[in-house]
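Asker: Could you build all of it, start to finish, from the sequences and the hints given here?
Take a look at the letters that make up each chain.
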Amino acid sequence: MPKESIEIKSFHNGIMAAPDSMDIPLDAASYSENLEQIGEDGKLRGIPDDSFLNKIGTWANDTTGVFSQALTSGGGGGSSG
Amino acid sequence: MAVSTSNSITITGTFSPAEATNLSKYNFTIVQGGTGAGTVTYKWRRFGESYSSTVAIHSSAVSFEAGLLASWDTAATYTSGDDWLIQVRPNETFKARTLGWLEDGLKRDLLGYDASSGDMNIVKDFYGAKELPIVTGKISSLPADITIIPNNKEVHIGCGPSANPKWLGRNQYSSFGGTGSATEVTLLEGAIKSSASNAGFITTAWVAPNGDIYGAEEDGTQLLKMTNSSGSYSEPAVVEDFEFIGIRKITGTQRYYGSAYEGYVFILDSGADEGIIKKYDISGNTLTTVTQTGVSLSDDLIITDMIVIGEGSNEEQPTSWNIWCSAYKDIESGQNLSPTGILWHATTSNIDTVSSLTFTNRDPLDKAGASADGFGKKYRQQYYALVGGSCVLQSWGSWIFSGNTTNYYTSLYKRALTYHWEDDYVGILCRFRDISTAVNSHQDGANTWNNESNNWNCYAVNIEEWNHIWIEGTGGERVMRNYGTLNWIGVKNTHVNNTPTNLHHVALDDKVSFNSQTWSGPTGIALDKVNKDLYMTSDHAHPFSNGTKWIHIPIAGGTSVNTDFMVESGSSFTPATAYQTGSHAIVCDLDWRNIIDIEQDITEFPNKGLVLSSGQNQKGFWVQGLNATSGLPLGGLYSLWDGTNITLTIGNGQGNVSSQIWNNKKLFYKYSMTYDGYQESPLSEETIEFADSGTYETLDITFTIQVTSEINRRVSHINLYRANGANTSSEKPLGLYRLIESLRATQWANTSPSVVVIEDKSDKVTGSYESRSGISETMTNTTIRWGIGTVASGSLIVGDCGTDEFNDASTYLFKSRPGDYDKFNWALDYLRLPFRPVAIATFQGRVYCWSQDTMLRINPDQFYIEDEFEGFGCLNKRMVVVTEYGMFFGDTNNIYMHNGQAPSPIGTSILKFDSEDAPSGKGYWDMARLYGDRMVMCFDSKRNSVVTFCSNEQNVDGMSQAYSYNITNTRWDIWGHTALQDATTGQDGYIYHTDNQTLTAGTRLIRYLGNTVQRRNWKWHSKRISAGYPSQEKIHKKIRVISDDSKSDINNNLDLYYRINGSKIALELDQNQSDYEKVSSGQKKAQDIKIMLSTSNNKDLSVRAIGSIFRRRPTK
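Chains as they are written, first to last, in the numbering used here: chain E, 1 to 81; chain X, 1 to 1116.
Hints are computed from structural coordinates only; laboratory data are not their basis.
Note that CB positions come from ideal geometry on N, CA and C, so glycine has one too.
You may find that some hints are simply not true.
To be verified - Which residues of chain X face chain E? A partial, calculated answer using Cβ under 10 Å:
no.: 1; residue: Gln87
no.: 2; residue: Leu911
no.: 3; residue: Trp1020
no.: 4; residue: Asp1100
Answerer: Written out as structure tokens, the structure is:
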């Protein structure tokens, strides 16, 4: 028998846990977590994380409160083999 | 080998500095370079301070300061002297259980209610300058949750059925107290006061062992304290942090005068017919609710009085405490009430830790009639007997105890309880009647020849029976005589088996004119602890001839401990004396152990005295010393504090106009207050009368405010009304109260006192109070306590209610006056529901309210139930959201969308999941069953998605689960979130929510999906792919993933699995093998395959397509 290919090219349907996992559309998910619903042209992409109100009235992207971390001396400053 | 980079050290945790700081910097410095945890060492310091000791680098996260943890890349190579500067700032502390918005036209403030402290936190100008959060007030009743309803530039806050609602808003009107018209002043204030009357500011109080006085106004919500400083008292100050529903009685532990111990204040609060007993620990400044069982009330009685008595041989160290409560109802004239019990008693041996009390019925009339009882129900009978061949009526027989007859009360009183120390009697004041007269009709005896006995018989079948309340005290037997006798019934505090000596009775109506049942009872009552003199106050015309006086009913028979109480008849009883000095109420018992100084008394510390509160037009606190022997007043009243705030006096008339319509009429004046410029309070309970036969053209009415800052800051106007009587002797107005003048707050100078004179010029017809306010002029309370609410047809409609006007308002909805969200005409605008509502919302002009399993559609205008939908419930008040696309709500079975016509389930796709996809419990059914009480539904208007937050994981940020329904694409997704208690949609489309993560509960404000840098890890599981031939086996060759991201990123951050024949197998997406992977040879033959992708490291990865390459096997 020849080789065949099934392509899942868009992911618009979201989760469809019912009816049975055999019977849902090909591009539906039997389960998913944290997928963006709009604006991704059918791609799978994660939703943004949260931000937090910080002491100076802006929104921090890090729950730790760390907004700056820098190696000030030494080190390689990059990566190598 | 990678050398150190800026990311070689990873900082985690939540930065929570001990001191207030906006910014902290830390240095981490390598001391010993090299590679590996066994070689490399480091030290750290807060920037500019000393370094820590040197330690080895570590791959695990280790705490170093202020909630922060550091971990190292132990595979990197470090150089001595490498130094990292790490700057941190804390996420803002914004404690909030409940969120809401406050509008100001151009600005919008975010409100957050902190249930642990009662603070209302506010972030002003949330979308603009975003000022730092501040506390704008405190809800001292500490409701567990609130509901915030916005209205123009203010919000109305429901605090549940047991706490009065609040108001928070911008002060748009000038108000008293100097706040002026600054519109940026945001106030948290109470709801509209039930009455503007200032009479009886403190009507119940207790003197603590150190002389401090704790008191409250009847139905007041605040406990007040007057601090004693060597006999000089401060003005009443609110005991902060506590709010009450409506205080009925303040009392304390009697016989508890330990020198170092301050003791407890016991507060009988409203909220239930049997009252709610609360214990305030003076030294610890804590309030405990003491639960109570056993009290069974019938006939709409409520508990209104309470005393607490210590017992023990050492009066300063009681070993047990007795708590007595009495029930009250305004019994209508002619009504005979036979309640289940009016006097209830409980005891505890540990007043410090008591948290519950079991009450027993000690109703003096509720006696079975045991033969040993000296008090109870007795009857006697008359028989016919055969005497000399004729039936002859015999004498009355002996009294026999009986428990099968009915006793009747004809009057009960709000203030009824006293305690007599020497004889240990608890006295209750009440009025009851004899049981009945003859109970059987009878006829004269008749002789009948009895054939069996062959004799004449007298058939004495008809018996006349006479029933009585039987009193047998130490003074001998007594029987109630007259209907309506006022009685003081003493019940022995020790109450041992209700033996005869445990009851004592005194009839009072021979001595004073208590005969009118219209007398509402004393406003205060006290009993001399030794002499047994009785003192009462009253503000009613009877029996004090002109009201607002106190009377003295002295003892008869001396002062010996064993002598009787006041006798019911006899010449030895001294008539009661009325004293006309202003005395609205006795608020304390007489014994305060010489701790109140009386200036006018030669001893300055008399043995006993009355503590009295306000007369008419007075708000204050006075003490009246009493002669220790005679019980008569020592001098005049001595003022402890006089805080009369608003007085209305009618001065001289001016001019002479014979035709003036009000001449020769009594004039009745009342006033009201307007809140926020538009909501008018009920009329004052107090009425100021003026009767003169003069022909004045005008009358001067003087309004005096003693302390302008005491006026509620919401009050913008004071309105004066007048009604006219028929003539100068009229008892009541003939017509309606009509407006004389409405005065803005600015018309009073900001001084104390501040005086305004109003000239009442004529009798022109002006608007009546009722027409202006929509409320009856006789209604004194327009406040409803509520827990859930919605706005419809211009009114606030509330549920989960409580009100003192209804025994149980939990199954009612109430509708406010249009536009006046704080004013409820509860007598008219209510709707009875078939259940207690858990949620309420307005959608397309209709109000919907839910129980757990039923939905009602309500017409808000006519206020009736239009339709009922069984099977469509709501989990809680936060599980409903109204959008422009429809109304969404969820119960334990499904999530529904209401399109305006009917609700339909939309959540079928997420009700449950196969175990091969997700751990158990991920489906909505399980979530709703386990976490339904905390689930929150909110609208993400950026995505047009309805998000249902489950908050099922409270230990780790971001690990709780939310169901997101995208309305545009009609698709469901599961999203992660940090556990929360409330969420709200911002005008920028984001969802803002509180933090309920265990370690940082309530301290952070989170913008959901608001991170501009980082994205969440995601998962995607395909269906079981069978290529249309589910029964045909296939050889699965490869799985291909198409992505725009680099192969390196895919290699490091994307995991691929497939499930085949029930086994889950991982594939390595190696960057060197393009974008596909061969299925392993041992696991390639199956009828179908499921593909599963997941990302890690919060890398922003996307996948455009997935391919599966297979070969079908020949059909056999």
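Asker: It remains to establish, for every hint, whether it holds in the given structure.
Answerer: Okay, the hints, checked on the actual structure:
At a threshold of 10 Å, the smallest CB-CB gap from Gln87 of chain X to chain E is about 4 Å, leaving the interface hint in force. For Leu911 of chain X, the interface hint holds, since its Cβ comes within 10 Å of a Cβ in chain E; the closest pair sits about 6 Å apart. Look at Trp1020 of chain X: its Cβ gets to within about 5 Å of chain E, closer than 10 Å, so that hint holds up. Annotation: interface hint on Asp1100 of chain X holds; nearest CB of chain E at approximately 7 Å, less than 10 Å.
Going down the numbered hints, you'll see the structure goes against none, and every one checks out.
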